[in-house]
Amino acid sequence: MARLARLALSEDELEPMAQELSAVLDHIAKIGELDLVDVPPTSHVVELTGALRPDEPRPSLPREVALEQAPAVDQDGFLVPSPQA
Amino acid sequence: MSDDLLSLSAAQAAAAIEQGDVNAQELFAFYRERAQADASANGDGLNCFTWVAEDASTTPLASGPGWSDAPGTPGTGPLAGVPLAVKDLFCTKGVPSQSGSRILEDYRPPYTASAVRALTGTGATLLAKTNQDEFAMGSSTENSAYGPTLNPWDRSRVPGGSSGGSAAAVAAGLAPWAIGTDTGGSIRQPAALCGIVGLKPTYGAVSRFGMIAFASSLDQAGPLTRDVTDAALMLGHMVGRDRCDATSLDYPHEIELPRAERLDGLRLGVPAELRAPDPGAAGGEAGAQIEPGVRESFERALKLAEELGASVEEIRLPHAPHALSAYYVLAPSEASSNLARFDGVRYGMRAPDAEDLLDMYTRTRHDGFGKEVKRRIMLGTYALSSGYYDAYYGRAQRVRTKIAEDFKAAFEQVDLIVTPTSANVAFGLGEKTANPWSMYLSDYFTVPMSLAGIPAISIPCGLSEGLPVGLQIAGPAFSENKLLDTSFALEQALGFEEGAARV
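From first to last, the protein sequence lines stand for chains A and B. The first sequence begins at 1 in my numbering and counts up by one. The second sequence begins at 1 in my numbering and counts up by one.
Because the hints were derived from the structure by calculation, they are not lab data. Beta carbons are placed, not taken as given, at the ideal position from N, Cα and C, and that holds for glycine. Some clues are possibly wrong.
Said to hold, decoys possible - Between beta-carbon pairs, the in silico distance windows are:
(1) Asp359(B) x Pro59(A): 28 to 38 Å
(2) Arg259(B) x Pro40(A): 33 to 43 Å
(3) Arg316(B) x Ala72(A): 50 to 60 Å
To be verified - Some chain B residues near chain A, calculated using beta-carbon distances under 10 Å:
(4) Ala80
(5) Tyr107
(6) Ala246
(7) Ser248
(8) Pro252
(9) Ile255
(10) Arg346
(11) Ala354
(12) Arg365
(13) Lys371
(14) Ile377
(15) Leu379
(16) Pro436
(17) Ala477
(18) Ser479
Based on the provided sequences and hints, a complete structural model is requested.
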């Protein structure tokens, strides 16, 4: 699960985490007791209609501003570690 | 003069500035000095702030569209010169916006959140950024990477959370008012624990653009203020459709300043399920045990409401006891998705010496996220994973439907619903950190309204053991004016001593 979540967890972090999550899941599992057949799911409370806007070009964040907060930059892009580099 | 400035509510300060009785620069300098004193107290303060302005010039001005901060005229508009404290998770251009997390340490966004610009665009000045639980995950502000905030009523106790820095700053008189966010109770619960007013608006009423997201279908920005009038004044400038947030809505009418004195004809409902003295008696997950002093203050507020002409009756919210369980599936699921963006590539910190991209991702996230955030990311990843989706996320969405239906039915019987905001007064630092579910129970009374997307306010309704108790009032979507009017009438009748915890 940690791999799926892109989290590195050390051995001594895994055990307490597993216990805490199991305890929380025991509480959460109570929703399994409800009869929810034929109940539609609600992903969102707002009835959205016409959320589309005209597709008009407008300026986006300038490149140098977008790169300003990056931990590593090369030329005009974000630099990331690569074993091939 | 200083004491006079401190005694002014934000609405009074705005009026005094407009009439020329108070100088805006002087007011800003006064609060800046107070905020800075707390920020530089090195453990002897409340630790309300993660950043304090040098002067009023960092204030983003007009509310132009998109990422560009269109220039405007400083110090004009109805909020001219009233200093504003802003929760850390709102992006503020060029000013640290870290969401209480190590992974965003010293991140300075290129634009300002729409909700903040809506206020600074009408003249409010950016005073400080306030401390919070990391990514708004918590009910005590102990989960901040920048240290816990202390409750000004009793420094051995928490201010609530996640908007704990905002609530403590307003209660302590370190800021005239503050803006926070509420996902499952993060405005209302800290407001209750600090003895101030906090309002979570109808979902969609305020733009979420520029808020560092926690759970997008639940997050809402709102005011934390000394009194109900200030909450109405701030909210009135925040609401409205923003083209940068497709879920924001046109607010259907004006937000008015409250003036009700009587509550004649108003029908208030008390949910049997949330009042149940025997936890778990109403079915579902065992509820939060209401402390006797909290119950006393709550019942007294109901009696006062009746004296003002309201009627109080019992209502049913049969699925409310399941709200917390559903919430702790939905919110972590959305969070696990939202927080995927923190990968050490575009902004924030990056773990050094990674071998490859995956190694860089996992180690950056290991070093950058705190314990509770990791816990929720894991929980959400699990709930959304193949094979478990229907049992958790799918089911929780169906519970959400039932909860919304419960409220709909209840509002055919009554106008507004009242509960204690929190089952307990402010608890001790460290008291609930070892047991996540005990901390999660802090939101037992506030989460149902969040799932239904309806507005709710917390106002102080008395003291228990010398600590403030909050009264929560909830109404149907877009009933903010009625909430504010009712709260205003009760506020006058309750006579809570505002400002008792000022430093």
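Right, here's what the structure says about each hint:
Between aspartate 359(B) and proline 59(A) the beta carbon distance is about 36 Å. The supplied range of 28 to 38 Å therefore holds. At about 41 Å, the beta-carbon gap between arginine 259(B) and proline 40(A) stays in the expected band of 33 to 43 Å. Arginine 316(B) and alanine 72(A) have their C-beta atoms about 57 Å apart, which keeps the hinted 50 to 60 Å range intact. Hint status for alanine 80(B) relative to chain A: violated, with the closest Cβ pair at about 30 Å, above 10 Å.
Annotation: interface hint on tyrosine 107(B) holds; nearest CB of chain A at approximately 6 Å, less than 10 Å. Hint on alanine 246(B) holds. Least Cβ distance to chain A is approximately 4 Å, under the 10 Å limit. For serine 248(B), the interface hint holds, since its Cβ comes within 10 Å of a Cβ in chain A; the closest pair sits about 9 Å apart. Checking proline 252(B) against chain A by beta carbon gives a least distance of about 13 Å; that is not within 10 Å, so the hint is violated.
The beta carbon of isoleucine 255(B) is not positioned within 10 Å of any beta carbon in chain A (closest approach about 19 Å), and the interface hint is therefore violated. For arginine 346(B), the suggested interface contact is upheld, since its CB lies about 6 Å from the closest CB of chain A, less than 10 Å. The interface hint given for alanine 354(B) holds, since its Cβ lies 5 Å from the closest Cβ of chain A, which is under the 10 Å cut-off. Using the Cβ-Cβ criterion of 10 Å, the hint placing arginine 365(B) at the interface with chain A is satisfied: the shortest such distance is roughly 5 Å.
For lysine 371(B), the shortest C-beta to C-beta distance to chain A is roughly 8 Å, which falls under 10 Å, so the interface hint holds. Restraint check, isoleucine 377(B) versus chain A: the minimum CB separation of about 5 Å is within 10 Å; hint holds. The criterion of a C-beta within 10 Å of any C-beta in chain A is met by leucine 379(B), whose closest approach is roughly 6 Å, and the hint holds. Using the Cβ-Cβ criterion of 10 Å, the hint placing proline 436(B) at the interface with chain A is satisfied: the shortest such distance is roughly 6 Å.
Of the supplied interface hints, the one on alanine 477(B) holds, with its beta-carbon coming within about 8 Å of a beta-carbon of chain A, less than 10 Å. The restraint placing serine 479(B) at the interface with chain A is violated, with a minimum CB-CB distance near 14 Å, outside the 10 Å limit.
Hints 4, 8, 9, 18, counting from the list given before, are not met by this structure.
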